[in-house]
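S.K.: Sequence:
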Amino acid sequence: MTVALGDYVYGSFSETSDKGTLLLTTEVLDFGLAGFKSIESVALSFSATTAVTSALAEVLIYWRNDRKSSFRATSWFRTDPLGMAFPMVTALEFKVSVRLTDLSAGYLDSLTTFFKAGDGRFGRSDFRLIVGEQGESD
78 MTVALGDYVY GSFSETSDKG TLLLTTEVLD FGLAGFKSIE SVALSFSATT AVTSALAEVL
138 IYWRNDRKSS FRATSWFRTD PLGMAFPMVT ALEFKVSVRL TDLSAGYLDS LTTFFKAGDG
198 RFGRSDFRLI VGEQGESD
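Taking the working numbering, the leading residue of the sequence shown gets 78, the next gets one more, and so forth.
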(Lines of atoms letter the chains of each structure in order from A and count residues from 1; the text may use other names and numbers.)
(Lines give C-alpha, C1' and ligand atoms only; values in the text may rest on other atoms or scores of the structure.)
Protein backbone atom coordinates (compact mmCIF):
# COMPACT_ATOMS: atom_id res chain seq x y z
CA MET A 1 0.00 0.00 0.00
CA THR A 2 1.23 3.51 -0.76
CA VAL A 3 1.25 6.82 1.08
CA ALA A 4 0.67 9.83 -1.15
CA LEU A 5 0.08 13.56 -1.03
CA GLY A 6 -1.69 14.50 -4.22
CA ASP A 7 0.06 12.63 -7.03
CA TYR A 8 3.41 12.26 -5.25
CA VAL A 9 4.13 8.98 -3.43
CA TYR A 10 6.09 9.52 -0.22
CA GLY A 11 6.32 5.99 1.09
CA SER A 12 4.67 2.65 1.51
CA PHE A 13 3.04 0.47 4.11
CA SER A 14 3.92 -3.17 4.52
CA GLU A 15 2.91 -5.86 6.92
CA THR A 16 5.65 -7.36 9.01
CA SER A 17 6.04 -10.96 10.07
CA ASP A 18 4.32 -10.03 13.35
CA LYS A 19 0.56 -10.14 12.90
CA GLY A 20 -1.08 -6.84 13.76
CA THR A 21 2.04 -4.77 13.01
CA LEU A 22 2.41 -2.32 10.12
CA LEU A 23 5.54 -0.58 8.92
CA LEU A 24 5.56 2.77 7.10
CA THR A 25 8.77 4.00 5.47
CA THR A 26 9.01 7.27 3.54
CA GLU A 27 10.90 7.79 0.33
CA VAL A 28 14.24 9.63 0.52
CA LEU A 29 13.89 13.03 2.20
CA ASP A 30 16.33 15.94 1.91
CA PHE A 31 13.79 18.70 2.72
CA GLY A 32 14.87 20.62 -0.39
CA LEU A 33 18.22 21.57 1.18
CA ALA A 34 21.63 20.48 -0.09
CA GLY A 35 23.57 20.66 3.20
CA PHE A 36 23.44 18.72 6.43
CA LYS A 37 20.18 18.67 8.36
CA SER A 38 19.28 17.36 11.82
CA ILE A 39 15.99 15.61 12.48
CA GLU A 40 15.19 16.66 16.02
CA SER A 41 11.75 15.14 16.48
CA VAL A 42 8.97 13.27 14.73
CA ALA A 43 5.32 13.83 15.62
CA LEU A 44 2.65 11.26 14.81
CA SER A 45 -1.01 12.21 14.84
CA PHE A 46 -3.64 9.54 15.47
CA SER A 47 -7.40 9.19 15.18
CA ALA A 48 -7.44 7.24 18.40
CA THR A 49 -10.19 4.87 19.37
CA THR A 50 -8.43 4.30 22.72
CA ALA A 51 -5.71 6.13 24.62
CA VAL A 52 -2.49 6.39 22.63
CA THR A 53 0.41 4.89 24.54
CA SER A 54 4.12 4.63 23.86
CA ALA A 55 3.58 0.99 22.90
CA LEU A 56 1.48 2.07 19.91
CA ALA A 57 4.27 3.37 17.65
CA GLU A 58 8.01 3.55 17.25
CA VAL A 59 10.15 5.69 14.93
CA LEU A 60 13.42 4.76 13.21
CA ILE A 61 15.50 7.05 10.99
CA TYR A 62 17.51 5.76 8.04
CA TRP A 63 20.28 8.22 7.18
CA ARG A 64 23.27 8.71 4.91
CA ASN A 65 25.90 11.41 4.43
CA ASP A 66 26.72 10.56 0.81
CA ARG A 67 24.10 10.01 -1.88
CA LYS A 68 26.12 7.08 -3.24
CA SER A 69 26.30 5.31 0.14
CA SER A 70 23.89 2.83 1.66
CA PHE A 71 21.51 4.02 4.36
CA ARG A 72 22.35 3.34 8.00
CA ALA A 73 19.68 3.10 10.69
CA THR A 74 19.18 4.41 14.19
CA SER A 75 17.59 2.23 16.82
CA TRP A 76 13.81 2.31 17.30
CA PHE A 77 12.52 5.25 19.40
CA ARG A 78 9.22 4.78 21.22
CA THR A 79 6.75 7.61 20.96
CA ASP A 80 5.53 9.33 24.10
CA PRO A 81 1.78 9.51 24.90
CA LEU A 82 1.51 12.61 22.67
CA GLY A 83 2.95 10.71 19.69
CA MET A 84 6.38 12.39 19.79
CA ALA A 85 9.76 10.72 19.26
CA PHE A 86 13.16 12.42 19.52
CA PRO A 87 15.73 10.60 17.37
CA MET A 88 18.27 13.50 16.95
CA VAL A 89 20.22 12.48 13.83
CA THR A 90 22.24 14.63 11.39
CA ALA A 91 22.78 13.69 7.73
CA LEU A 92 22.27 14.74 4.11
CA GLU A 93 19.33 12.41 3.37
CA PHE A 94 16.83 10.50 5.46
CA LYS A 95 14.02 8.00 5.37
CA VAL A 96 11.58 7.97 8.28
CA SER A 97 10.15 4.64 9.33
CA VAL A 98 7.19 4.16 11.67
CA ARG A 99 6.24 0.82 13.21
CA LEU A 100 2.68 0.51 14.51
CA THR A 101 2.24 -2.32 16.96
CA ASP A 102 -1.32 -1.86 18.22
CA LEU A 103 -3.59 -1.42 15.23
CA SER A 104 -6.75 -1.60 17.33
CA ALA A 105 -5.85 1.65 19.14
CA GLY A 106 -6.46 3.96 16.19
CA TYR A 107 -5.35 5.18 12.79
CA LEU A 108 -2.19 7.09 11.92
CA ASP A 109 -3.31 10.37 10.30
CA SER A 110 -0.08 12.27 9.81
CA LEU A 111 3.66 12.26 10.28
CA THR A 112 5.47 15.56 10.90
CA THR A 113 9.27 15.72 10.88
CA PHE A 114 10.89 18.66 12.67
CA PHE A 115 14.37 19.41 11.41
CA LYS A 116 17.10 22.01 11.70
CA ALA A 117 19.28 23.00 8.74
CA GLY A 118 23.05 23.29 9.13
CA ASP A 119 22.79 27.09 8.96
CA GLY A 120 20.47 27.19 11.98
CA ARG A 121 17.12 27.49 10.19
CA PHE A 122 14.29 25.41 11.60
CA GLY A 123 11.74 23.64 9.44
CA ARG A 124 9.14 20.97 9.39
CA SER A 125 7.75 18.63 6.81
CA ASP A 126 4.17 17.48 7.08
CA PHE A 127 2.76 14.34 5.55
CA ARG A 128 -0.97 13.76 5.62
CA LEU A 129 -1.33 10.06 5.09
CA ILE A 130 -3.59 9.03 2.25
CA VAL A 131 -3.53 5.29 2.11
CA GLY A 132 -4.44 3.33 -0.98
CA GLU A 133 -3.43 0.33 -3.02
CA GLN A 134 -0.24 0.50 -5.10
CA GLY A 135 -0.73 2.95 -7.96
CA GLU A 136 -3.86 4.54 -6.51
CA SER A 137 -4.40 7.66 -4.44
CA ASP A 138 -7.55 8.24 -2.46
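Derived from the structure by calculation, the hints contain no laboratory data. Accuracy of the hints is not assured; some may be wrong.
[What the hints assert, rightly or not] In silico DSSO-like cross-links for lysine-lysine, where the CA-CA straight-line distance does not exceed 27 Å:
#: 1; residue 1: K193; residue 2: K172
#: 2; residue 1: K193; residue 2: K145
#: 3; residue 1: K172; residue 2: K145
S.K.: What are the numbers of the hints the structure violates, in ascending order?
M.R.: No numbers; nothing is violated.
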